Structure formats: C-alpha cells, structure tokens
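Colleague: Take a look at the letters that make up each chain.
Protein chains: 2
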Amino acid sequence: MTIVQVGSSLVEIAGKTRAAASKLAILSTEAKNQAIAAIAQALESSQEEILQANVADCQAAAAEGIAKPLYKRLQLDEHKLRDAIAGVRDVGKLADPVGKVQIHRELDTGLILKRITCPLGVLGIIFEARPEAAIQIVSLAIKSGNGVILKCGKEAVRSCEAIVKAIKQGLSQTAVSPDAVQLLTTREETLELLKLDKYVDLIIPRGSNSFVRFVQENTRIPVLGHADGICHAYIDQAADINKAVEITVDAKAQYAAVCNAIETLLVHQSIAAEFLPKVAAALAVSNVELKGDKRTLAILPDIAAATETDWETEYSDLILSIKIVDSLEDAIAHINQYGSRHTDVIVTEDIATAEAFFGLVNSAGVFHNCSTRFADGFRYGFGAEVGVSTQQMPPRGPVGLEGLVTYKYQMTGNGHIVASYTGANAKAFIHRDL
Amino acid sequence: MTIVQVGSSLVEIAGKTRAAASKLAILSTEAKNQAIAAIAQALESSQEEILQANVADCQAAAAEGIAKPLYKRLQLDEHKLRDAIAGVRDVGKLADPVGKVQIHRELDTGLILKRITCPLGVLGIIFEARPEAAIQIVSLAIKSGNGVILKCGKEAVRSCEAIVKAIKQGLSQTAVSPDAVQLLTTREETLELLKLDKYVDLIIPRGSNSFVRFVQENTRIPVLGHADGICHAYIDQAADINKAVEITVDAKAQYAAVCNAIETLLVHQSIAAEFLPKVAAALAVSNVELKGDKRTLAILPDIAAATETDWETEYSDLILSIKIVDSLEDAIAHINQYGSRHTDVIVTEDIATAEAFFGLVNSAGVFHNCSTRFADGFRYGFGAEVGVSTQQMPPRGPVGLEGLVTYKYQMTGNGHIVASYTGANAKAFIHRDL
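Going line by line, the protein sequences match chains E and U. Its first residue numbered 0, the first sequence is counted upward by one per residue in numbering that gives the first Met the number 0. Its first residue numbered 0, the second sequence is counted upward by one per residue in numbering that gives the first Met the number 0.
Pulled out of the complex, with its shape left as it was, chain E reads as follows (with noise of 0.2 angstroms):
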C-alpha cells in the first residue's frame, strides 16, 4: 500500500465537506428539490462556458492521441449536456431516500423506537472521462443529503470545473451550501481522497476494473462497485431453443462493453448439439467472435479453443466462451466457482429447475428466461443508478439512491432508565409496533 501524506488542503477541503453535509442532512425534501432546480438552472445558464471548456479539453486530448472510445466519453456536445440536465430535473422527481421510518416501535410506556433513514455524509466519487457523470453525481447526493467530493480524470477537468463552478453558482442562491460539492483534479489527490476515512463516508469509483481493484485494496473507507462483470447464461436441456438463441444474442452482443453482458455460455450436454450451431449462426451476425471447451469444438470445429483463463475472463467486448456442462449441478458450480456474483440467467421451460439456479446460484441477480442485460437500476425502475454492487453485503446489484443513506436509531424516553427492566423487580419490555 502506498503512503501518502495527506495533505493539509485536502483535510481541509474535507472538513468543509462535512461541515456542509452535516446542515445538508437535515434539510427538508422541498429545500433539496429546490437546490436541485437551482442546480439545472445554473447548468442552462453556463452552457456556453461548459461546451466551450469540453471544446478545450477535446482539443488537448486530441492532440495527445486520445484512444476514441475515451474520446466519445470526454464529448459532451448540446444534445448530451441537455439530456444530463433534464436529469437533475428527474432526480427531483425521485422519492426523497431520507427520513423514512424503517422502525417504529414502543418498548414500554413512553419509550419510543424508531429507525430512521439518513445521508450517509461525504460521497467520494472518482470518476473518469465523461464530464456529464459529475452532473449526475451531484444531483444524486444533493437529493440523498450527502455531501460529495468529486475527482475526475484529467482529461475533463476544464469541462468538469465549468461544471462544478455552475452548480455552486446554482447553490449559492440556495439553502445547500456550495461548499457540499468539491472537485478534486490531479491524481495524487485520488491517494490522499482515499485516506480520508475520517471525512469520507463511502467510496463510487467509476472506471475500469482494474481500477476499482486499486480503490478497494487501497481503502478503509467502504467501496460502492464492482471490479468484474464475469455473467454466464446456462441453456438447460428443457430451454426453448428460440428463447435461448435471442437471449444469448441480446446478453452478448446488445451492448458487450457493459458489466452485465455476459462472457460465457454454459450449455446442457443434451441440447448442445441442436441448440451450439443455431446461437453461433446469430451470434455471427453480430459478429461475437466464440471460444469453446474441447466438447463445444466438437459441434463447432471451427471456432477457438478456450483455456481455464477464458472463465475468469470479462472480455468486455464482442467475446463469447462456450462449455458444455453435463448437469444443472455443473452449470450451477461452474458460475459460483468462476462468475463474479454479478447476474447469471438461466433459460429454461422447466420451473423447477429454474427455481433450484435461483437458490443455489450465488449471485446478486439470478435471472430466468431474460437477459442479464436487464439487470441495471433504471430497468429495476429505481429511478436512478448509484452503481452495482457484487459484494454479498447490502446494498449488492443495480444499487439506486438506497444505497447512498444509512440509518440511526431515535429513541425517546422520560428518564428511562435500564435498572427498571433489571433484577428481581424487572420491568418487561413490550415491544409493540406502531
């Protein structure tokens, strides 16, 4: 692990943070809604200044030989600028996470349980080239009471401080302090940011997997996310064929960057023969290049052998390895033993074996006759994705503004005390809901 020296600005910029937060958290749902508008407000009025500074960031990145996918990440022309500010206009709509009661419940006479939402504190959210996902960020926290220090990758930063510069503008005039918003922009405050378990509730990192690797072996503080996306589909001998073919198809080939697309293809041992030449037919069209175990190359000669890497391996491209698996049981072994308890589908007409995979597979999403790509928080309907989680702890999955709040524990007495409810005296409890 590296050390790092925190430096005093970034403590201090932390303490600000938290100091803002803490006035943020206890703010009424009306008071965040209005900073939010205040927020896509202030983001219309800066569109020139906010495009002119992505023109800049474009040019330099360009003239460091960018790779174009990042290029595409880092444009944020008219169209995407609007779309990214109608929604914070639709994080004002969502459902205030804050201050539902989970519990409530009277212990005795005049002693009062409740559990009770509440922010989390500081987000830390570390982010790469697309400069429209600080706007989302940002309206994420605000509506979930957080406070939220952003840091995002170099590439963006003069489009990404136009940003922020908007959006404390927009605050300014609001009961949220600008302060609760901060922008981090070289990457030696990404070390000191992860030191900062004092002043920082959780952790978003956005990028790649390796880099959420990094976060998560290089923090105390709890990482929201996932380093891999290993998803599988098991076609079982009792599957519809046709169901199975554009399962496969749309899991794999819909949109392959994606965590939840899936990398490898488990298939009965009974169906293989009929079902392998008509998926790799469509999958062709789409032009997924197939890898298979020595059974799979059997039925298809023409395609590459896979190798023990391939199942531990997230292409995060147009790739697909093919084993054949004699049972439901080795179907179920193989995802639990190599997937990455991201979402794993099985397609099948039999319930019962359907119902086996879904408690025997250890996974966030268990999924049956649909695509993994389904497994997303707006498809959820949960109005918004924070991230996903494939850790086994709450919150796992497509996690949406749940996932940025805690909860504490309000109790209210009158001089209650627990000597009363101890010894040969002792008071009982009553332990009634209300």
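Watch out, some of these pointers could steer you wrong.
The list makes no distinction among identical chains, and a pair is therefore deemed to hold if it is satisfied within one copy or across any two copies.
[Unchecked claim] In silico lysine-lysine, DSBU-like type, Cα no more than 35 angstroms apart, as pairs:
#, residue 1, residue 2
1, LYS293, LYS71
2, LYS99, LYS242
3, LYS197, LYS242
4, LYS113, LYS79
5, LYS113, LYS99
These are calculated hints, taken from the structure and not from any lab test. Computed from a predicted structure; not experimentally measured.
Got chain E; can you put chain U on it based on the hints?
Modeller: Here is chain U on its own, set in the frame of chain E:
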C-alpha cells in the same frame, strides 16, 4: 499485514462448510427449526460431557493463573448451560429472516422482478472465553441459513469441542449437514480464517477492542462489530435535573464494562453548577471515579483532571470524564469528533433541542431522555443480537438476525430481451409494484 500460507486443511474445512451451507440456504423454515430443536435436544443429552469438559478447561485455566473475570466467563455451570439451551429454543421461535420479499415488481408484462432475502453463506465467528457463545451463535447461524466456522479461545477448547460434538450429533439426524458447523481451536487458524475471502462471507469478532481492530485491519472479508464504544450523555440547559442524574448513573454504572455505557458526560455551562454536585454525589454511591476539564474542576475541585486522551478513551470501567460545554453545538461537535458513532443521549425538556441533537449527532443511536444502556438488540425487540456495528453503512447499531442475511434479485421473463426496450420502437417499462 502478516502473510500466512493458508493450509489446505482449513481450505478443505471451509469448502465443506460452504457446500453444506449451500444446501442449508434453501431449506424451509420448518426444516431449520427442526434442526434447531435437535441441537437443543442433543445439548441436553450431552450435558454431563459438556460440563465435565468445562471443569477440565477451568482447572487448566486456574493452573495457568487466568484472571478472575476471564475465569468467570469461562465457567459453564448447569444453570448457564440450561439458559443457553433455552436460548436455542428461543431462536427456533424467531421469524425466519430468509425468504422475505422486499421488492415485487412487474417491469413489463411477464417480466417480474423480486428482491428476496437470502443467507450470506458462511460466517466466521471468533470468540474468546465464553463457551456458551458457541451455542447461541450456531443456533442463529442455522436459523439464518448460514454455515458457520467457529474459532474459540484456547481456554475454552475442551468445552467448545464437547459442545460442537453434541451439535453435530444433533444435526446428523436432520436436513442440515453437520458439516455446516465447524470448530477451529488454534491461533494460527484465526489468521488463516481471515484470508479465506473466497469461502467466508462475514467475520464477527467478539473480544477486546484491540482484537476487533486487529481483525478489521487484517481481512478483506466484511467485519460486523465495533472496536470502540465511546458513548456520551449531554445534559442540556433545559434538562430535568432528576432525570439527568438518574440517566447518567444508569448509563455509567448499571454495567460499566459494556459498549453502550457512557464514557464522557457533557454538561451545558448554565446548568453545571447545579447539576454536577448532585450527579457527583449519586455517582459516588456507585464508586464511579470522575475526571473533569478545567471548568468542571472549578465546581468539583476534588476530582482528577481530564486530558485530551480521556475524550478518546473507552474506560469500560467505573470511570467517567466530564466536560462543560457552552452550547448544544459544542456538545454535538465534541461527540462527532471523539465519539465512536455508537450511542449518545441528550437530556433536555426542549423538544426542538432534542430534534437538533437527533439530526446532527452522527451515531447509530441518538437517544433523548433515556439511558444509552437501552442500545441492545434484545431491548430493541430483535429477539437476538449478533453484534453491534459502529460503521456508517447498514447494518449499524445493534444487529439482529437481519445482519446475517443479504438479498438476491430474482427476475423471471418469457424470452424478454433488452433490445426490445431500446432504439426507435422501444417498449416502455411498466414498473408496477405487485
């Protein structure tokens, strides 16, 4: 970080536990309750053997000159064992935390999303002297559908071996494999256990603060627990003095060794001259040693001076530090700076002040006019407590059985693919809760 070569034997044990846990995870509530009943029965049948093993442990400990409090915790008499077995039967009566439907939503016709609670997998529990802890932990693990690897302190090895032998014997006649419960007994195995992040989903350390901190810093497995319990009582200017005295005495002296006892008393300057002599007299009855800041010493000249170190010390003993503050804000700032986010109480008759305290104190428990000692899973009505977490992310505070489960998203379709919901003729989602 110490690097330990994980021995194949422990990996083998962990693999067996995971396999057994995987079957346990999908058992019905009834099957799990039958297993719990069988455990209680087997422990009763093995009472003599267990008590004899404990006598041997106690004799060995006495011969080694073990400290008296530790000896008392180690000792397991007929009465304690009967209580522990009754506790097992109580766990049988608790609601099953597994299989609860948290979300049930129609995304589109025939595309149904459910979020359902499920077991975490395998728990690693490291505890010290109390052998009956093994009994409680195993029953909670089985109830929540989890396998469990226990590691007991070296003093309790004979007792725990006898207990786990009885438990495995009880399970052998049920749907739960005896492999679901394992016992480790050596210190080296503790270090190995912490490396098994592929096999163990949650570590619960029960022991000293320094031990819990060691565990937190030496594993990538999530840890449920708390290193410190630095709780505060703040006596506001609008406090009822009698309530304030009673609550302070209860929160400090009713049971000083526990994490929910207070370590620091904060007193508003306008009430200090009246309150402090009264509370000092009441605390003297319970032999509480006081330490005060300068202004406190002006009122209570006979007590020792408190230093900066006192504000960050968990005495776990009949010692209380006292500080006079100028305002609610100062009290809150002190708590947020020095506290451990466990439980803090305000004593005041002013509801608005209490509300501000609830909103701004950043702890798992924020109490008003009642003792911090109520912060406990049983008193909250959870039926069982698996630990107290002072982390910011859920689960926090006293954690019941719900801390031993996570959830899965189960989606069922009929050939649904994402391509239908994108592009020019995109279908819209319904997002209707069922």
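Colleague: Looking at the structure, which of the earlier hints fail to hold?
Modeller: Number 1 - this is the single hint that the structure violates.
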